[in-house]
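Student: Under the working numbering, the first residue of the sequence shown is numbered 1, with each subsequent residue one higher.
Hints should not be assumed to be uniformly reliable.
Quick list of the computed label-pair ranges, beta carbon to beta carbon [as the list claims (entries may be wrong)]:
#: 1; residue 1: Glu53; residue 2: Lys17; range: 49 to 55 Å
#: 2; residue 1: Leu49; residue 2: His18; range: 43 to 49 Å
#: 3; residue 1: Ala59; residue 2: Val35; range: 43 to 49 Å
#: 4; residue 1: Gln46; residue 2: Gln16; range: 54 to 60 Å
Derived from the structure by calculation, the hints contain no laboratory data. Predicted model, so just to flag it, every value in this text is computed and none were measured. Cβ atoms here follow ideal geometry from the backbone N, Cα and C, with glycine treated the same way.
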Amino acid sequence: MISNRESARRSRMRKQKHLENLKNQVNRQREMNRVLLDRLRTATVQFQLVETENKQLVAESSFLRQRLWDVRQVLMLRQLQRPQLSSSSSSSAWPYSYDVEQQTMSSLIT
Numbered sequence: 001m002i003s004n005r006e007s008a009r010r011s012r013m014r015k016q017k018h019l020e021n022l023k024n025q026v027n028r029q030r031e032m033n034r035v036l037l038d039r040l041r042t043a044t045v046q047f048q049l050v051e052t053e054n055k056q057l058v059a060e061s062s063f064l065r066q067r068l069w070d071v072r073q074v075l076m077l078r079q080l081q082r083p084q085l086s087s088s089s090s091s092s093a094w095p096y097s098y099d100v101e102q103q104t105m106s107s108l109i110t
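Could you build the full structure based on these sequences and the hints that come with them?
Tutor: Structure below.
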């Protein structure tokens, strides 16, 4: 009878220890879950920032491509007009110089 009581006491102790281990495991899992949620929130915010920056860069790239195309069109038009003007008057009478062309190009780009 004493050995039964001792066996029952040991069984209760094992169950108690097992229950404590399970509670500790639950606490560790909850803490890990909290850490992972914090990391997920941080990653989500970073993703949104990068996505916003990417959209801005795509829009800027599109704008700059259009502006470059416009400048090229202006330059092509000027090149097409230049032979017509020089054929109608002598080339020494044409006051258009390289410096003026560079200044005009700079003003178109900026």
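Student: For each hint, tell me whether it holds in the structure or not.
Tutor: Results of checking the hints against the structure:
no.: 1; hint: Glu53 <-> Lys17: 49 to 55 Å; result: holds (54 Å)
no.: 2; hint: Leu49 <-> His18: 43 to 49 Å; result: holds (47 Å)
no.: 3; hint: Ala59 <-> Val35: 43 to 49 Å; result: violated (37 Å)
no.: 4; hint: Gln46 <-> Gln16: 54 to 60 Å; result: violated (45 Å)
Checked against the numbered hints given earlier, the structure breaks hints 3, 4 and satisfies all the rest.
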